[in-house]
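J.: Read in order, the letters of the sequence shown correspond to residues 387 to 818 in the numbering used here.
Restraint-style ranges between C-beta atoms, simulated for each label pair: (1) S804 <-> V538: 47 to 57 Å; (2) A801 <-> G619: 47 to 57 Å; (3) V538 <-> G619: 21 to 31 Å; (4) V538 <-> R654: 31 to 41 Å; (5) A618 <-> E712: 36 to 46 Å; (6) R654 <-> A564: 13 to 23 Å.
Since the hints were derived computationally from the structure, they do not count as laboratory data. We treat Cβ as the ideally placed atom computed from N, Cα and C, and that holds for glycine.
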Amino acid sequence: MSAMSRFFRRRPEDAAVPREDERTVEIRETEVDPLLDDTVAVHRTEETVPLEPVAEETVRIRRTEESVPAYEADPVDPTLPLRTVREPLPVEGRRVEEVVERRPVVREVPPRRPVLWPYLLALLVLVLGGLAALYFLTREDDPETRPVPSVVRLQVDDALDRLTADGFRPDSVQRANAAPLGTVFAQDPSAGTELEEGSRVQVLVSRGPATTPVPNVVGLPLQSALQRLDTAGLGARQVGVFSEKPPNTVIAQEPGGGERAARGSKIRLNVSRGTGRVTVPNVIGQSSDDAGANIRKAGLEARVANVPSAEPEGTVVAQNPPAGGELGRGEFVRINVSTGAGAGTTPAPATTATTAPATTAPAASSAVPDVAALDEAAARSELEAAGFTVRVQTEATEDPSLEGFVIRQEPAAGAAGSAGAPVTIVVGGPSP
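Produce the complete structure using the sequences and hints provided.
T.: Given below as structure tokens:
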């Protein structure tokens with residue numbers, strides 16, 4: 387067996403080959419603060435001075451060397467083919483342990499930042515104080531104010547004088563208004579508003595209602611007349627009358643065409659109701675209800691006046707116009723109905739405006755004549771002829787046919803009255 391055969395013949399567990407010992411040193415670097423060196427600086431701030439002296443760092447290295455055992459190779463059979471077997475060699479290296487002595491490291495304390503908020507607060511207080519002082523030093527005193535007086539419904543001259551006396555400067559503007567001419571109907575600002583002395587106050591002065599020419603509508607059909615008045619900004623109040631003109635034809639107007647009227651006012655129109663002449667029936671001696679029915683049957687209307695009479699109560703003792711006369715359809719017949727309180731006396735006949743002569747002397751005490759349903763002129767004439775003084779009152783009525791006629795009287799018909807005593811008659815007037 388050659389020496390080489392003996393070299394390669396070995397046991398697996400003795401496969402370690404003697405080799406030169408190796409050692410490995412593992413060194414770990416440790417960061418050291420530059421301030422923590424062997425020399426302590428002289429000029430260091432109080433914050434950077436370490437609390438303990440800086441100890442010198444010492445690195446001790448402990449080395450351990452271990453040998454790898456080797457074994458003698460066994461003899462090799464020369465007849466066997468040789469082959470190379472590579473097996474891992476258990477090599478135990480040398481380990482180096484680093485032992486570092488730890489020492490306390492002083493942490494550097496950062497410098498404190500200066501506190502600014504007290505200075506900012508003081509600056510803010512100074513700025514606000516300066517602004518307040520500037521406001522109080524530069525502001526003007528509040529001007530004196532006073533309330534505006536009310537001058538509505540005063541004449542323009544009086545209104546201007548009052549405003550001037552209170553320290554204001556008035557301006558007047560004229561405008562059309564329903565208020566009386568020259569009267570203040572509005573002011574701006576309104577009464578009670580607080581204004582500085584010398585402020586302007588505007589007053590609106592009426593120059594009367596706005597007027598417009600009245601169109602002439604006489605002879606026109608009613609609908610055409612109403613349309614023309616509406617176009618002119620006017621209204622209409624219709625009164626039906628009997629006439630020879632065709633029905634629903636305007637036969638008169640007030641104010642007349644061409645005159646001026648306040649815008650929005652109503653023009654009175656007399657509208658034809660046709661001829662409609664009817665004969666007045668005789669109703670004397672009939673009861674009040676029967677007389678009224680017969681009069682309406684004839685196309686007329688009844689006006690009842692209660693009078694004292696010897697006839698039974700409720701009996702018609704007189705009528706006006708008398709039976710056989712002619713009236714327009716829808717006109718009124720006045721009938722006197724007995725109250726039954728005048729037994730033994732002669733009933734007073736129904737009269738017209740021409741029955742009593744004007745030269746009749748009044749008796750020392752006489753009965754008040756009945757003038758109900760007469761027009762104003764006829765009633766006045768009859769009362770004055772009986773020796774009474776006449777007082778006239780007008781009362782608005784919704785019935786156009788009663789306009790201008792006596793609605794009632796005071797004292798009532800038949801009452802005793804001395805010569806010269808006043809009698810009040812109430813005459814129907816147009817509705818507002």
